[in-house]
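Asker: Sequence:
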Amino acid sequence: MKNKIISLVKNICFLLKDLDEPWAITGGCNVFLRECIHTLDDIDAITTRMGALLIFEAMKDYVTKDLSYSEVERIRAHFFEASIDGIRIEVMGDPENKIDGKWIKNTLWSQAIEYFKFDETQVPLTTLDYELNINRILNNQERVRVIEKCNP
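According to my numbering, the sequence shown is numbered sequentially starting from 194.
Think of the hints as simulated: they come from the structure by calculation, not from any bench. Some hints could be false.
Unchecked claim - 25 Å max Cα-Cα, derived DSS-like pairs, lysine-lysine: (1) Lys258 with Lys210; (2) Lys197 with Lys258; (3) Lys310 with Lys342; (4) Lys310 with Lys195; (5) Lys258 with Lys298; (6) Lys210 with Lys253; (7) Lys258 with Lys203.
Values in this document were obtained by computation on a predicted structure and should not be read as measured data.
Just need the whole structure built from these sequences, with the hints factored in.
Answerer: Printed below as a string of structure tokens:
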């Protein structure tokens with residue numbers, strides 16, 4: 194499965210090679226690529242509102258859920274879904290997090306991007322420190338434990 198995901202992530206990077214907006218792989222795929230977990234449900238990407246629109250256009254042949262402003266649990270964003278080779282890809286633009294009943298714009302991710310190289314492809318990932326902090330904020334204790342174990 195790992196080789197399939199790496200191949201798909203490299204394909205996404207190729208599709209987005211000319212994108213002038215910041216973006217990064219986040220969430221479960223991020224910790225999967227770092228070998229902190231060994232199973233994966235989907236690939237999550239985070240970007241700006243404009244980035245979501247441009248990524249939507251770049252991935253239009255794979256889109257399964259149109260771009261819209263929507264809310265899921267404690268996150269709302271300009272959001273769309275795509276599917277490539279049976280793997281779901283979720284893209285969030287200008288995400289906000291619900292914290293103590295208030296919506297707070299998440300801008301921390303754009304200052305927390307680092308690049309991992311898979312073969313010759315540079316893949317933008319949010320840092321593990323960012324992942325740890327956002328999962329603490331969202332009270333996702335299971336993911337916090339996984340990241341802490343992976344990033345002592």
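Asker: Now, for every hint given, state plainly whether the structure supports it.
Answerer: Hints, one by one, checked against the model:
1. Lys258 with Lys210: holds, 23 Å
2. Lys197 with Lys258: holds, 23 Å
3. Lys310 with Lys342: holds, 23 Å
4. Lys310 with Lys195: OK: Lys310 and Lys195 at ~15 Å, within 25 Å.
5. Lys258 with Lys298: Since the Cα atoms of Lys258 and Lys298 sit roughly 23 Å apart, the hinted pair holds (cutoff 25 Å).
6. Lys210 with Lys253: Answer holds: Lys210 to Lys253 is near 15 Å, not above 25 Å.
7. Lys258 with Lys203: holds, 22 Å
Of the numbered hints listed earlier, not one is contradicted by the structure.
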